[in-house]
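Peer 1: Line by line, the protein sequences are chains A and B.
Residue 380 in the numbering used here is what sits at position 380 of the first sequence, and the numbering runs on without skipping anything.
Residue 118 in the numbering used here is what sits at position 118 of the second sequence, and the numbering runs on without skipping anything.
These are calculated hints, taken from the structure and not from any lab test.
Virtual Cβ for every residue (Gly too), placed ideally from N, Cα, C.
Hints may contain errors.
[As the list claims (entries may be wrong)] Simulated restraints on C-beta separations: (1) Asn103/B / Val261/A: 56 to 64 angstroms; (2) Asp21/B / Leu244/A: 54 to 62 angstroms; (3) Asp76/B / Asn73/A: 45 to 53 angstroms.
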Amino acid sequence: MSKAIDPAALRAQFPILNREVNGKPLVYLDHAASSQKPIAVIEAQREYLMHYHANVHRGVHALSQQATDAFENARTIVQRHIHAAESCEVIWTAGATDAINLVMQTWGRDQISRGDTILLTRMEHHANIVPWQMLADEVGASVDVVEVKDDGNLDDEQLRQKLALGPKLFAFTHVSNTLGTVNDAKELTRQAKAAGIAVLIDGCQAVPHMEVDVQDLDCDFYIFSGHKAYGPTGIGVLYGKRELLESMRPWRGGGEMIDVVSLEDGTTYAGLPHKFEAGTPHISGAIALGVALNWLNGIGAEAIMDHETTLAAHARNGLRSIEGIRFIGSSASAAGVVSFVVDGTHPYDIGTLLDSQGVAVRTGHHCTQPLMERYGISGTVRASFGAYNTLHEVDTFVAGTIRAVRMLRD
Amino acid sequence: MIDLLQQRQLEVAKEFEFFEDWMERYEHIIELGKELAPIFEADKLDENLIRGCQSRVWLLAVKDDEGNVQFRADSDAIITKGLAALMVRVLNGLTPKEIAQANLWFIEKIGLDAHLSPTRANGLRSMVQQMKHYGIAFQAKV
Chain A
1 MSKAIDPAAL RAQFPILNRE VNGKPLVYLD HAASSQKPIA VIEAQREYLM HYHANVHRGV
61 HALSQQATDA FENARTIVQR HIHAAESCEV IWTAGATDAI NLVMQTWGRD QISRGDTILL
121 TRMEHHANIV PWQMLADEVG ASVDVVEVKD DGNLDDEQLR QKLALGPKLF AFTHVSNTLG
181 TVNDAKELTR QAKAAGIAVL IDGCQAVPHM EVDVQDLDCD FYIFSGHKAY GPTGIGVLYG
241 KRELLESMRP WRGGGEMIDV VSLEDGTTYA GLPHKFEAGT PHISGAIALG VALNWLNGIG
301 AEAIMDHETT LAAHARNGLR SIEGIRFIGS SASAAGVVSF VVDGTHPYDI GTLLDSQGVA
361 VRTGHHCTQP LMERYGISGT VRASFGAYNT LHEVDTFVAG TIRAVRMLRD
Chain B
1 MIDLLQQRQL EVAKEFEFFE DWMERYEHII ELGKELAPIF EADKLDENLI RGCQSRVWLL
61 AVKDDEGNVQ FRADSDAIIT KGLAALMVRV LNGLTPKEIA QANLWFIEKI GLDAHLSPTR
121 ANGLRSMVQQ MKHYGIAFQA KV
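All chains, full assembly: derive it from the sequences and hints.
Peer 2: This is how it looks when you write it as structure tokens:
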């Protein structure tokens with residue numbers, strides 16, 4: 001049984017939450033776009049820059065060794081956090097988008113060819129759509145999608161049919177950033193793997209909110225970004241099964257990823273994980289992401305999920321009194337996201353009026369335009385919750401939305 | 001003698017003078033948006049759309065018999081429409097040259113200058129640019 005969250009104690013660790021916006025205390029409900037950072041993460045970056053910054057893996061001197069130890073230790077933290085079998089299966093990337101592009105450029109180019117199909121879902125973030133479209137265009141493959149039902153869940157029946165058509169890859173999101181739908185990633189992976197189809201999971205919205213076990217999922221690739229999981233921007237993770245990563249060619253060439261470079265005899269490459277990490281990495285970002293994941297662990301995935309689900313339910317209850325409100329996505333297994341439109345109002349107007357009351361929400365298509373098209377809307381207002389949000393903040397948000405709608409309609 | 005552009009900007013500045021917070025300002029902007037006559041559905045063409053806004057903004061301009069520019073604008077977001085109404089009110093009926101060269105100081109005066117940043121999604125910046133483009137284009141066309 002996990003310990004319940006004490007938001008007040010947690011909030012004290014987030015300096016940014018003390019600030020005001022437009023003369024009102026900040027209510028930050030845009031966690032799904034990027035989470036705020038606890039002091040431990042901020043201090044980790046500062047500590048590195050103040051005391052042991054040096055390039056990693058190359059120096060014999062003390063600073064370089066200290067930086068390398070911290071950098072590789074962070075990799076081990078990620079490995080344990082997502083339950084990867086080995087730390088060499090954890091590749092540092094510049095973010096989730098970068099991680100998907102890496103898979104596309106290496107595994108994708110080798111494995112996907114003319115006539116092949118890449119299967120996605122209607123609820124993917126553009127980052128898990130566009131790279132595959134680019135690859136498909138280039139090699140003459142096609143992209144197919146599993147549709148989303150009205151309630152925001154995937155159409156299971158259609159999924160079975162489309163998997164039976166034998167796509168080469170099934171790439172799907174673990175948790176929808178727009179709907180909050182939590183896909184049964186283990187079951188989806190099981191079905192795909194049973195048909196011999198490779199699986200990539202976008203875990204950006206899962207890692208900050210729930211326990212992720214890549215071995216239990218049995219997926220081939222799992223990717224996530226640091227900045228949505230209380231870590232810094234500019235750092236992300238690609239997890240891949242060892243045999244798969246070993247079989248893949250490197251993508252970016254440069255320092256760090258080599259074994260021997262010879263202008264006469266050509267170049268041989270480093271082993272995992274460095275084969276995919278050309279150039280000087282985001283050292284402080286990796287170290288601080290490790291700290292962020294440890295911080296998350298300290299609170300506990302289950303407690304965070306419970307807390308955020310409570311906040312989302314509280315928000316829905318409060319908003320329900322607004323006439324003409326329509327929640328987009330009402331999956332029973334929705335994570336801490338509330339997405340909605342209100343008849344006769346534009347999401348942008350509601351977002352602007354909330355901002356002037358100090359409440360930060362996201363408006364627009366949330367980088368999921370195909371999903372917006374599915375629901376026949378151009379965008380939504382989205383409130384997304386993190387461990388540090390309180391019921392009181394949800395009340396402020398609900399009251400602010402009610403006030404905004406009244407102003408817009410009167 | 002004070003010109004029309006200055007006079008209108010002074011009027012708008014005065015109107016916004018006593019608002020104490022953003023909610024009051026927006027309340028007024030929303031009212032202005034509601035008062036602005038909508039454009040015809042037939043004019044809501046892609047070619048009249050201004051890019052770079054989260055909401056859709058349409059802007060049309062014609063030169064009247066006296067050679068002055070008449071604007072019409074609309075948006076599916078009411079705050080954006082209110083901002084458009086302000087711009088139309090200040091610039092409508094001026095000569096192409098006046099519009100092309102207009103120093104729109106009222107925007108800063110009423111605190112909307114933050115909305116002129118390219119990173120804002122409300123389209124005020126694009127609106128101002130597009131209106132000035134019309135001024136320049138109508139100057140060129142004799």
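Peer 1: Can you let me know if the beta-carbon spacing of aspartate 21/B and leucine 244/A is within 54 to 62 angstroms?
Peer 2: 56 angstroms, holds
Peer 1: Quick check: does the Cβ-Cβ distance between aspartate 76/B and asparagine 73/A fall within 45 to 53 angstroms?
Peer 2: At roughly 52 angstroms between Cβ atoms, asparagine 73/A and aspartate 76/B fall inside 45 to 53 angstroms, so the hint holds.
Peer 1: A range of 56 to 64 angstroms was offered for this pair. Does it hold for the Cβ distance of asparagine 103/B and valine 261/A?
Peer 2: About 60 angstroms separates the Cβ atoms of asparagine 103/B and valine 261/A, which means 56 to 64 angstroms holds.
Hint violations for this structure: none, all hints satisfied.
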